Amino acid sequence: MLNYQLDRTFAALADPARRAMVERLVQGPATVSELARPLPMSLPAAMLHLKVLEESGLVTSEKTGRVRTCRIDTKVLSQAEQWVGERRQMWERSLDRLEAYLDHTKPKDQA
Amino acid sequence: MPRSITHASFTITRQWKHAPQRVFEAFAKEGAKAKWFAGPPGWEQHEKVWDFREGGREVLSGRHPDGKVSAFDCVYRDIVKPSATASGRIIYSYVMHINGIKISVSQAAIEIIPETGGTKLVLTEYGDYLDGYDDAGSREHGTNWLMDNLGKSLDS
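Protein chains in written order, with our numbering: chain A, 198 to 308; chain B, 1431 to 1586.
Do not take every clue at face value.
[As the list claims (entries may be wrong)] Derived DSS-like pairs: lysine-lysine, alpha-carbon spacing no greater than 27 Å straight-line:
no., chain 1, residue 1, chain 2, residue 2
1, B, LYS1532, B, LYS1463
2, A, LYS303, B, LYS1447
3, A, LYS303, B, LYS1532
[Stated by the list, open to error] Cβ pair distances, simulated, as ranges:
no., chain 1, residue 1, chain 2, residue 2, range
4, B, TRP1473, A, GLU251, 19 to 29 Å
5, B, ALA1516, A, ASP293, 43 to 53 Å
6, B, VAL1489, A, PRO213, 18 to 28 Å
7, A, LEU245, B, LYS1532, 42 to 52 Å
8, A, THR266, B, ARG1519, 42 to 52 Å
9, B, TRP1473, A, PRO235, 38 to 48 Å
10, A, PRO213, B, SER1513, 41 to 51 Å
11, A, ARG268, B, GLU1460, 18 to 28 Å
Simulated from the structure, these hints should not be mistaken for laboratory data.
Note that this is a predicted model, so its numbers are computed, not measured.
Note that beta-carbon positions come from the ideal geometry of N, C-alpha and C, so glycine has one too.
Using the sequences plus the hints, can you model the full thing?
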């Protein structure tokens, strides 16, 4: 379950516009137009990115009057998930080294 | 710190142009494994135990350049050597300590699968991650961490 959540989190962050939105929201809640303004795209395009972030659970929003305010959901960026990610990354680094080792020690007759 | 367990699993798949027997030996031989399964540059090794057989134990602990002391302690549960045509596997359970605190109890299953021209390695870890991480990790830190490491995680 957590694995699935991490996949969605990483997929949601695999886009520079969405990362820019998350970076902005880490500093505090923002309205949709505040999030969209610095981005080189139309408001509807920015809203589509926001939708992906909301579906991933990274971002929640609520509408007050005509203004929709977005904020980071702390649960998704919980320390536990950070930690699982670190374990995964530890494995990625080890396997990178294993690959380099295999490349380096390749028998000559298989070159 | 509140008591908690986070149950999680993840899978990493790699494909290499190397024979499955060579991949297996990189896990099975002490000298070969030492070439890749250790801390980062500047790591100072403390304790090492090596007994690669079913029921055997492997321990590796040491100090990282940032001062963190990690300790890996595993028991091999299932070892099947691959051939050029048949898959092999290594399954072990392990405990991780960071700075003397037990942070996880996990099982890792490494499948070594022959493929045309090489090997597919599928690593699956199932873990019980205990009591949250150290309290240095703020939400902002977590966000930055996710972004910094995105590429590597997406590559897998």
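For each hint, the structure was consulted:
1. B:LYS1532 with B:LYS1463: holds, 24 Å
2. A:LYS303 with B:LYS1447: holds, 10 Å
3. A:LYS303 with B:LYS1532: violated, 38 Å
4. B:TRP1473 with A:GLU251: 19 to 29 Å: Between TRP1473 (chain B) and GLU251 (chain A), where Cβ atoms are some 41 Å apart, the hint is violated.
5. B:ALA1516 with A:ASP293: 43 to 53 Å: Violated, since ALA1516 (chain B) and ASP293 (chain A) (Cβ atoms, about 27 Å apart) do not stay within the stated range.
6. B:VAL1489 with A:PRO213: 18 to 28 Å: violated, 43 Å
7. A:LEU245 with B:LYS1532: 42 to 52 Å: holds, 44 Å
8. A:THR266 with B:ARG1519: 42 to 52 Å: Holds, since THR266 (chain A) and ARG1519 (chain B) (Cβ atoms, about 51 Å apart) stay within the stated range.
9. B:TRP1473 with A:PRO235: 38 to 48 Å: holds, 41 Å
10. A:PRO213 with B:SER1513: 41 to 51 Å: Between PRO213 (chain A) and SER1513 (chain B), where Cβ atoms are some 46 Å apart, the hint holds.
11. A:ARG268 with B:GLU1460: 18 to 28 Å: violated, 51 Å
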